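Listed below are the residues making up each chain.
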Amino acid sequence: MTDTIGHAAPPMVQGPRTGARVIDRSTALTALWFGALVVGTWPLVLAAAGPQLPLVGMVAHVAGMLAGYGVLVLLVLMARSPALERGIGADVLARWHSLAGRWVVTLVLVHAVGAIAAWAELTGVGFLLGSWQVLGMPAMPAAAAGTVLMLIAAAASVRAARKKLKHETWHALHLLMYLSVALGFAHMLAGPDLVGHRVLQIGWALAYTYVAALLLQHRVLTPLRQAARHRLRVVEVREEGPGVVSILVEGHHLHELHAEPGQFFRWRFLTPDHWGNAHPFSLSAAPTATTLRLTVKALGDGSRNLQALPVGTWVIAEGPFGAVTSARRTHRNVLLIAGGVGITPMRALFEALPLAPGEDLLLLYRARTPDELLFRHELDAIAAQRGARVGYLLGPDREPLSAGGLRRMVPDIAERDVYMCGSPGLTDAVRRSLREAGLPPEQLHEERFAF
Amino acid sequence: MSGRHAGLSTTGRRSFALLSGATVLGLWFGLRAPDVTPVALPPAAVQVQPADQASVAPVVPVTPVVPVTPIVPRQAGGRGPRGGDR
Numbered sequence: 001m002t003d004t005i006g007h008a009a010p011p012m013v014q015g016p017r018t019g020a021r022v023i024d025r026s027t028a029l030t031a032l033w034f035g036a037l038v039v040g041t042w043p044l045v046l047a048a049a050g051p052q053l054p055l056v057g058m059v060a061h062v063a064g065m066l067a068g069y070g071v072l073v074l075l076v077l078m079a080r081s082p083a084l085e086r087g088i089g090a091d092v093l094a095r096w097h098s099l100a101g102r103w104v105v106t107l108v109l110v111h112a113v114g115a116i117a118a119w120a121e122l123t124g125v126g127f128l129l130g131s132w133q134v135l136g137m138p139a140m141p142a143a144a145a146g147t148v149l150m151l152i153a154a155a156a157s158v159r160a161a162r163k164k165l166k167h168e169t170w171h172a173l174h175l176l177m178y179l180s181v182a183l184g185f186a187h188m189l190a191g192p193d194l195v196g197h198r199v200l201q202i203g204w205a206l207a208y209t210y211v212a213a214l215l216l217q218h219r220v221l222t223p224l225r226q227a228a229r230h231r232l233r234v235v236e237v238r239e240e241g242p243g244v245v246s247i248l249v250e251g252h253h254l255h256e257l258h259a260e261p262g263q264f265f266r267w268r269f270l271t272p273d274h275w276g277n278a279h280p281f282s283l284s285a286a287p288t289a290t291t292l293r294l295t296v297k298a299l300g301d302g303s304r305n306l307q308a309l310p311v312g313t314w315v316i317a318e319g320p321f322g323a324v325t326s327a328r329r330t331h332r333n334v335l336l337i338a339g340g341v342g343i344t345p346m347r348a349l350f351e352a353l354p355l356a357p358g359e360d361l362l363l364l365y366r367a368r369t370p371d372e373l374l375f376r377h378e379l380d381a382i383a384a385q386r387g388a389r390v391g392y393l394l395g396p397d398r399e400p401l402s403a404g405g406l407r408r409m410v411p412d413i414a415e416r417d418v419y420m421c422g423s424p425g426l427t428d429a430v431r432r433s434l435r436e437a438g439l440p441p442e443q444l445h446e447e448r449f450a451f
Numbered sequence: 001m002s003g004r005h006a007g008l009s010t011t012g013r014r015s016f017a018l019l020s021g022a023t024v025l026g027l028w029f030g031l032r033a034p035d036v037t038p039v040a041l042p043p044a045a046v047q048v049q050p051a052d053q054a055s056v057a058p059v060v061p062v063t064p065v066v067p068v069t070p071i072v073p074r075q076a077g078g079r080g081p082r083g084g085d086r
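Chain order of the listed sequences is A and B.
Per the working numbering, residue 1 is the first one in the first sequence, and the count goes up by one each step.
Per the working numbering, residue 1 is the first one in the second sequence, and the count goes up by one each step.
By construction, these hints were calculated from the structure, which means they are not laboratory data.
Note that this is a predicted model, so its numbers are computed, not measured.
Label pairs and their in silico Cβ distance ranges:
| no. | chain 1 | residue 1 | chain 2 | residue 2 | range |
| --- | --- | --- | --- | --- | --- |
| 1 | B | T23 | A | R159 | 37 to 45 Å |
| 2 | B | L27 | A | L151 | 26 to 34 Å |
| 3 | B | T23 | A | A308 | 42 to 50 Å |
| 4 | A | T369 | B | T23 | 57 to 65 Å |
| 5 | A | M409 | B | L19 | 50 to 58 Å |
| 6 | A | A182 | B | L27 | 16 to 24 Å |
| 7 | A | Q385 | B | L27 | 58 to 66 Å |
| 8 | A | T169 | B | L27 | 34 to 42 Å |
| 9 | B | P34 | A | P54 | 22 to 30 Å |
| 10 | A | Y178 | B | P34 | 18 to 26 Å |
Stretch by stretch, here's where chain B covers chain A in the computed footprint (C-beta under 8 Å, at least three residues):
| no. | region |
| --- | --- |
| 11 | 179-192 |
| 12 | 195-209 |
Glycine included, C-beta positions come from ideal geometry on N, C-alpha and C.
Based on the provided sequences and hints, a complete structural model is requested.
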């Protein structure tokens with residue numbers, strides 16, 4: 001362990017990317033619900049003007065249109081568009097994606113069952129024979145295969161199943177969704193709600209190709225371009241504590257990334273074990289023009305293998321992502337709360353958050369034992385250098401992080417910005433304490449991850 | 001031109017190319033989409049009564065049928081029929 005702060009190169013003084021377009025949460029939600037309203041209403045308008053359909057057929061039409069729209073939303077949420085990642089936050093996008101995914105799978109099933117039931121009712125055949133007849137229609141075998149793939153991906157994402165699967169396996173299964181969407185695309189354009197309306201067919205197709213372009217740009221082309229431009233390589237792997245290592249990555253033109261303390265990258269280490277997966281890890285030190293540092297705790301197979309990452313490994317870093325930066329700050333005094341390995345983004349903020357004379361910066365760092373404390377020397381040195389304060393909360397007792405405990409340690413807590421990162425259990429408890437202690441919700445800045 | 005400006009213009013060109021490609025592809029898919037849906041539900045079944053001689057009533061036209069005067073073809077170089085010439 002070293003006593004130095006940061007690295008040989010000075011921390012970057014360049015601020016956040018200026019003029020970058022950002023889509024905030026309320027704008028995104030308004031657009032999302034408006035789109036759903038329009039798409040869901042269209043089959044009803046058509047039905048009112050056309051021949052009468054049985055109720056189950058109407059339900060199938062509305063569910064089908066909403067499912068097609070929902071797939072677009074799912075893809076946009078995971079496109080890693082900087083406008084969404086910065087404005088909404090990767091954690092919120094991931095939660096919306098998870099929630100929307102459940103709705104889409106349900107809508108697809110309702111659409112399939114409803115359409116077959118309506119067919120069976122109108123042709124006077126049974127459900128099984130109706131299924132067979134519907135499957136024999138043009139573009140239907142592909143759509144049915146796509147539905148099966150979607151169900152497999154969805155099943156792999158159910159919490160109980162995901163706990164049993166390796167992250168790499170889950171990821172591979174989840175990628176089946178792209179194939180599923182491609183297989184169902186022809187069926188969407190041939191659906192009775194779009195056929196006969198050439199403008200709508202073109203609009204629907206354009207929506208899908210634009211989203212595909214968005215994915216291609218931010219998930220493939222930008223990382224490849226960044227890899228070629230920055231040529232990142234691992235230059236040091238340093239043990240910070242039991243099962244925890246810091247990985248120092250060196251590269252070129254890193255100031256162009258406009259990375260900020262508090263943000264994270266998705267790191268793809270180009271070794272046989274890791275090239276297929278991008279792991280999200282926060283910066284654990286303020287980025288410099290030539291170096292980035294991440295700190296990894298061995299939690300699963302992937303992060304455990306990273307402990308023995310060879311120096312010289314090439315790295316592709318996608319990002320930066322994350323909205324919990326100094327840009328969120330609205331008050332003069334700041335409280336940082338970290339638990340366990342959640343110290344990583346807090347350490348970077350502690351090092352680089354602007355601190356004017358008369359302002360107070362306090363870091364509360366909770367760990368069960370002194371051995372579990374990471375960066376202790378670095379934190380003490382930063383505190384001494386910047387005139388900031390750091391408090392270590394050790395032991396099994398969480399009382400210091402109760403509402404009363406927080407008020408005792410930080411009497412002006414309601415007048416501060418609070419940044420927090422830690423395990424879900426800890427952050428849930430502290431969030432309640434902060435609310436009880438009178439902190440307005442808009443002054444709490446956190447990104448919740450449970451990788 | 002600075003490196004940053006060069007980078008921006010390259011990024012702009014790349015985005016424009018990607019957007020153009022997506023537009024062409026979207027138009028192509030949209031224009032090639034079928035005109036008739038292959039998954040249309042069949043029209044609701046209508047119960048038809050069997051034809052019965054007794055139930056068939058002769059249709060009497062409401063207005064008297066007037067024989068249509070054949071149109072006289074226009075003669076070459078001459079004038080066609082006019083209402084006042086009949």
